[in-house]
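Enquirer: Join the two chains, each given in its own frame, into one complex according to the hints.
Residue numbers (our numbering), protein chains in the order written: chain S, 1 to 174; chain P, 1001 to 1073.
Please note that a few of the clues may not be correct.
[Claimed, not checked] When the alpha-carbon atoms are kept at most 30 Å apart in a straight line, the in silico DSS-like pairs for lysine-lysine are as follows:
no.	chain 1	residue 1	chain 2	residue 2
1	S	Lys112	P	Lys1036
2	P	Lys1011	S	Lys165
3	P	Lys1036	S	Lys153
4	S	Lys153	P	Lys1010
5	P	Lys1011	S	Lys123
Honestly, the hints are just simulated from the structure, not real lab data.
Note that the structure is predicted; figures quoted are calculated from it, not measured.
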Amino acid sequence: MELLERFAAGDEQAFESLFRQYQGEVYRWALRIVRNSAAAEDLTIETFWRAYRAHARFDTKTGNCAGWLRRIATNAALDFLRRDRREVALPEDLREEERTALPAEQAELRRKIFAALDQLSPKLRVAAVLALIEEEPYEKIGEALGISANAVKVRVFRAVRILRKELAEAGVQP
Amino acid sequence: MNEHEVNEMKKLLQRAVKATGQAEPQRDLWPAMLRKLSEKAVRVPWWDWVLLAGTSLVLCFFPGMVPALLYHL
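In isolation and in its complexed conformation, chain P is listed as follows (with noise of 0.2 Å):
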């Protein structure tokens, strides 16, 4: 393999493959950053979840236990 079977796989390539050029975006990404950034700020982790699903299991079996967790709130 040389530089010269790689012009030659250069010149085949471009024949059949036009470069893009100085091509710009159809339209503003800007909004559908934003659509982005919102959606990843409101996801909850899934341990979160899991803390939340104990929590209430606990004060279903221990209903006792509302008044010390309001208190500790």
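This is chain S alone, in the form it adopts within the complex (with noise of 0.2 Å):
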């Protein structure tokens, strides 16, 4: 039987061959939404504890398990911006040395972009994230939120334009 079909049975051997050829996929994508390291490695386990709970519901038919995932990865990384986002130093995309490296107005003009992403809604925020700084195509961004490439469009357009807003408050032109 096909490894997929074996894990949908709920065979337990196949669910460890899943995890360990899509955990890497799974926490770059969580990586890409929370931009924290342990927070996106919480997300992966996360991921991978609600698909072990709906492994009936996996469709093996398609056979798309890495969209599967991610679509649930990004429910559990919706659920976490709601949730937990102020309680963890985001982000976390340059290293220690690398941010205390940075001029003093690159500092600042970093910090007013995250100020100004923390006014988006996290679904306004996944999108722009995922489709402006990631640059990952609106037909993936929309797999993963169950929504049609044309809504991330509209998504991205209203987050970019609440960043427009924001940043121009904070004096930043693009």
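Expert: Printed below as a string of structure tokens:
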């Protein structure tokens, strides 16, 4: 029996194989959204936990395990952003030495940009970060959010409008 | 709002925030996954605790039911 079929039937060894095969991909996806490695690791485990519980609902006909896991990871990350965002030191895209070596002007720009991103709702923030910073295709973001590519585009436009307003108030012009 | 403004914002964000690239987890996550699976496996639903408490109360007030309960077990 194929690995995915064995997983859908509740085989624990198949689950471990899938975990080892996809943990890096799920981790990177979560990291792109929350931008903190510890939070991304927790979200990876939460994603596979949710997948394990929902194994019977996995559609073996499409066989798109990566897409299914990205969708679960995105939902888990949205829950995280709604619940825990303020408690975790975000973001963590630069190492400590890189951060301290930044010119004051650049550090100030980063601070203002993250303050503006914080003003976005989790749904807009996910669309904006994935599309504008990570340059993920709208189709892939839409698949992960469970919406169409056009709906992603609308969210990105709305996010950009809010970001422009927030950044203009902070004295930053794109 | 048009594509030009979206691209301008993209450039501004990318000037200040790096894409995460091909990052990998800093540790093997499988042991943590196993811990989570075993934690959840031993969790007793709240309704079971209610049933247990109810049964204990009944047996306290009607100890004569203990042999009948044991017979049915």
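Enquirer: Is it true that the CA of lysine 1011 of chain P sits at most 30 Å from the CA of lysine 165 of chain S?
Expert: 16 Å, holds
Enquirer: Taking only the CA atoms, is the gap from lysine 153 of chain S to lysine 1010 of chain P under or equal to 30 Å?
Expert: 13 Å, holds
Enquirer: Is it true that the CA of lysine 112 of chain S sits at most 30 Å from the CA of lysine 1036 of chain P?
Expert: 38 Å, violated
Enquirer: Can the restraint linking lysine 1036 of chain P and lysine 153 of chain S be considered satisfied, given a maximum Cα separation of 30 Å?
Expert: Measuring from Cα to Cα gives roughly 37 Å; hence the hint is violated.
Enquirer: If you draw a straight line from the CA of lysine 1011 of chain P to the CA of lysine 123 of chain S, is it 30 Å or shorter?
Expert: Cα-Cα ~21 Å, so holds.
Violation of the numbered hints given earlier is confined to hints 1 and 3; the remaining hints are satisfied by the structure.
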